[in-house]
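Engineer: Residue numbering for the sequence shown follows the numbering used here, beginning at 17 and increasing consecutively.
Any given hint could be a false lead.
Once the Cα atoms are required to be at most 25 Å apart in a straight line, the calculated BS3-like pairs of lysine-lysine come out as [claimed, not checked]:
(1) 178 <-> 260
(2) 178 <-> 101
(3) 113 <-> 152
(4) 178 <-> 104
(5) 260 <-> 126
(6) 260 <-> 113
(7) 126 <-> 104
(8) 247 <-> 152
(9) 113 <-> 126
(10) 101 <-> 113
(11) 126 <-> 152
(12) 126 <-> 101
Derived by calculation from the structure, the hints in this document are not laboratory data. It should be emphasised that the depicted structure is a prediction, and the values quoted were computed from it without experimental measurement.
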Amino acid sequence: MKDTGTYLMVGGWLSVSLWLAWSVAASGASAGASTASSPVTDEGEMVLIPAGEFTMGHAGSYDTQPVRRIPLPAFYIDKYEVTNKRYKRFIDATGHKVPWSLEPAAEPYKWDWQARMYPTGKGDDPVVLVSWEDAKAFCAWAGKSLPTEAQWEKAARGANGKSYPWGNDWLDKPANTIESGLRQTSPVGMFERDISEYGVYDMAGNVSEWVEDWFVMYSGNSFTNYDAGEKYKVLRGGSWDYFKSIATGYHRQYALPHSQMTAIGFRCAKAADGSGGTSPPKAEAR
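Based on the provided sequences and hints, a complete structural model is requested.
Structural biologist: Laid out in structure tokens, this is it:
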């Protein structure tokens, strides 16, 4: 795992050994029959999440309690994680720095940008090695914002709080997690069963995603966590570099805002218009 000297926190535990062990794993294994036959064409397409209440939280983890019903207005969220192709348009238009890290990665050809160009053959993969600040800047350039934790969780779990985007039971290689055997990012939308009831892809696997919020305990949670406060930003969703245990739609991770890792990316969101969200957002700048 390539990062800038900070480590991802999963449920309050430092997971350095898993990050390092799986970053050097061999690549190229088949993702299995659960994958789609061809990559998607992604130009920043968004999905409307309708207004209404949804179930947020889970009783089984200290930082996901209490379970409650949360009302949300309608909003749009990216159908796919932001890809290298989309991110390149952003850096070409703005001069923003390319994804990079202070630490060398195992198999750098998978991650490193050369001459402001993403790795060969990775245009449809999610961009990685981006900090929370980078993600925020991209979304602002695209006329969007990072989703809140609540928006992300509703888009992943639906109104009634499924454990996974597709349902409550784990399937055979449904998402790009360690169990898939792929050991690297995959083109967005490739795992066709990793899709929520609203049509949002890759919320259980591929890369974990930055969201807007600081990591704090939910209102009504009696646990004391000394990592909480305006120090860490929340990450949501599973990744190619982690087990299915973090692939649930309610699981929370967190990292320092400047962290840049090979299993962290993002997607953007946008408020729906006042007429109920029937007008889709304009395409991103080219």
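Engineer: Output the indices of the hints that this structure fails to meet, ascending.
Structural biologist: The structure conflicts with hints 2, 4, 6, although it agrees with all the remaining ones.
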